[in-house]
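Asks: In case you want the letters, here they are:
There are 2 protein chains.
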Amino acid sequence: MAAFDSVKALVFDVFGTVVDWREGIAREAAPFLARHGRSDIDPHAFADAWRKRYQPAMEACRSGRRPFTRLDVLHRENLEDLLREYGMDPAGIGEAALDDLNRAWHRLDPWPEAVAGLARLKRRFIIAPLSNGNIALMLNMAKRAGIPWDAILGAEVAQAYKPQPEAYLRTAEVLGIRPAELCLVAAHNGDLRAARQCGLMTAFVTRPTEHGPNQATDLKPEEPWDVVAKDFQDLAGQLGC
Amino acid sequence: MAAFDSVKALVFDVFGTVVDWREGIAREAAPFLARHGRSDIDPHAFADAWRKRYQPAMEACRSGRRPFTRLDVLHRENLEDLLREYGMDPAGIGEAALDDLNRAWHRLDPWPEAVAGLARLKRRFIIAPLSNGNIALMLNMAKRAGIPWDAILGAEVAQAYKPQPEAYLRTAEVLGIRPAELCLVAAHNGDLRAARQCGLMTAFVTRPTEHGPNQATDLKPEEPWDVVAKDFQDLAGQLGC
Chain A
4 MAAFDSVKAL VFDVFGTVVD WREGIAREAA PFLARHGRSD IDPHAFADAW RKRYQPAMEA
64 CRSGRRPFTR LDVLHRENLE DLLREYGMDP AGIGEAALDD LNRAWHRLDP WPEAVAGLAR
124 LKRRFIIAPL SNGNIALMLN MAKRAGIPWD AILGAEVAQA YKPQPEAYLR TAEVLGIRPA
184 ELCLVAAHNG DLRAARQCGL MTAFVTRPTE HGPNQATDLK PEEPWDVVAK DFQDLAGQLG
244 C
Chain B
4 MAAFDSVKAL VFDVFGTVVD WREGIAREAA PFLARHGRSD IDPHAFADAW RKRYQPAMEA
64 CRSGRRPFTR LDVLHRENLE DLLREYGMDP AGIGEAALDD LNRAWHRLDP WPEAVAGLAR
124 LKRRFIIAPL SNGNIALMLN MAKRAGIPWD AILGAEVAQA YKPQPEAYLR TAEVLGIRPA
184 ELCLVAAHNG DLRAARQCGL MTAFVTRPTE HGPNQATDLK PEEPWDVVAK DFQDLAGQLG
244 C
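Top line first, the protein sequences correspond to chains A and B.
Numbering of the first sequence is given in the working numbering, commencing with residue 4 and proceeding in unit increments.
Numbering of the second sequence is given in the working numbering, commencing with residue 4 and proceeding in unit increments.
One or more hints might be untrue.
Pairs involving identical chains hold if they fit within one copy or between any two copies, as the list cannot separate such chains.
[As the list claims (entries may be wrong)] Lysine to aspartate or glutamate pairs mimicking EDC-like chemistry, simulated, CA-CA at most 20 Å apart: (1) K146 <-> D102; (2) K146 <-> D75; (3) K11 <-> D75; (4) K125 <-> D8; (5) K11 <-> D103; (6) K146 <-> E184; (7) K146 <-> D8; (8) K55 <-> D234; (9) K11 <-> D102; (10) K146 <-> E176; (11) K223 <-> D237.
Calculated from the structure, these hints are not laboratory results.
Pulled out of the complex, with its shape left as it was, chain A reads as follows:
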């Protein structure tokens, strides 16, 4: 694909694009809820409710109401708030169990073809996450799942949460390349829109079950992205890797 001749690095959204956060969180929430006598709570609903607090928590940092705070901390605060909403007392659950559940985000599984697709893409491009997840989260996830990143980039390195322009622009700067030499790969039209406004190339990959069987959003590209692929193997093929 000629449009990619000058692209030097692919950076990836991770939650939803590389890994299946909903199944991963539900898988670990189920035994946690059972141990605390709350098998009445649906673990997928629990995962959705935890994730729902993600954007508002980052928005506090984006708006400047709060200094940049890494996602592990925001996830933990959101978890405690969520447990209280379900009538569970975090103090009664204890530090070790809370920390362990919070680290379920470090143990999410990639979509089935993702690691093999990334290995192909890595032959031609620098590959790195450009996630709002923090460095330890991304690194532990990659180490466990065998994701072959060349570096761990993203919000913590840029000290800005997507879709703030700084998240994209500082990533290009850190790599020593121009925005046009950097391509964001994401399953979310909004993320790609923000990247394109910063001058990045854009690759849309469909993840039609990120939000479960009844997903209504991001089922297709909403703009003419530079490449549209059904998964990472398809992306590697289209980019000649």
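Dock chain B against chain A, hints included.
Replies: Chain B alone, transformed into the frame defined by chain A:
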């Protein structure tokens, strides 16, 4: 080695410890100097002179006289100063040639056993650079040489140059571990001293020709470091990898 049972990550000094900067810079300086009619300059002396400006340039950032500035920028300023010292005009050489020579730092070769040793160490530990080199420099070097880092950490992520304590302490913090769970691997006693003062574990590896055949410094451990190895294969063996 029981002392390493609780160590989760090994971070590495890079210039001198992982790669042979002196031979790498001399190899690229030789044709550069020849092209500009200065074959009279010994390329190893040129490498030594360029490297000699490294600590003073970082000291400006450490002391607060200057904000944190990534090493690619400092290397470039030092190169231009050095050329002027040799009576060469950087403006006459041109941007492309200067930038290319500056990127010789991105193309340094690892010591012969380093990549294989790192691959063994990676099985048990998180491995990452903790170098004063910036992210793009470390990443491009790793991509070219096949260094299998799990992440690119170091001065640019910590926004502090070794041996400032923040360089070590923020690296542990970013990894989500305690300083005692982090071990610095370095061929330099001074770097290890600073790391130990921050509570890190320490591994000394000898690199007796880093400064050429007449090296007089860092030929042996000056303190009882937690482990002393002759190279990375030896280190992997001692750590049971």
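Asks: Is it within, between, both, or neither for K146 and D102, if the alpha carbons may be no more than 20 Å apart?
Replies: within (19 Å within a copy, 35 Å between copies)
Asks: One pair to classify: K55 and D234, alpha carbons no more than 20 Å apart. Within, between, both, or neither?
Replies: neither (25 Å within a copy, 49 Å between copies)
Asks: When Cα atoms must be at most 20 Å apart, do K125 and D8 count as within-copy, between-copy, both, or neither?
Replies: within (15 Å within a copy, 33 Å between copies)
Asks: With identical chains, the pair K11 and D75 could be close in the same copy or across copies; at 20 Å between alpha carbons, which is it: within, between, both, or neither?
Replies: between (30 Å within a copy, 18 Å between copies)
Asks: Within, between, both or neither: how does the pair K11, D102 come out at a Cα-Cα threshold of 20 Å?
Replies: between (38 Å within a copy, 17 Å between copies)
Asks: Between copies, within a copy, both or neither: which fits K146 and D8 at Cα up to 20 Å?
Replies: Only across copies: K146 and D8 sit 18 Å apart there, 30 Å inside one copy, limit 20 Å.
Asks: Classify it for me, K223 with D237: is the Cα-Cα distance of at most 20 Å met within a copy, between copies, both or neither?
Replies: Close inside one copy (15 Å), not across copies (53 Å); limit 20 Å.
Asks: Within, between, both or neither: how does the pair K146, E184 come out at a Cα-Cα threshold of 20 Å?
Replies: The answer is between: 17 Å across copies meets 20 Å, while 27 Å in one copy does not.
Asks: Have a look at K146 and E176 and pick one of within, between, both or neither, based on CA distance no larger than 20 Å.
Replies: This pair counts as between: shortest inter-copy Cα distance 18 Å, intra-copy 26 Å.
Asks: Between K11 and D103, at a C-alpha cutoff of 20 Å, which is it: within one copy, between copies, both, or neither?
Replies: between (37 Å within a copy, 17 Å between copies)
Asks: What label fits K146 with D75 when the C-alpha limit is 20 Å: within, between, both, or neither?
Replies: within (17 Å within a copy, 29 Å between copies)
When each numbered hint is compared with the structure, a violation occurs for hint 8 only.
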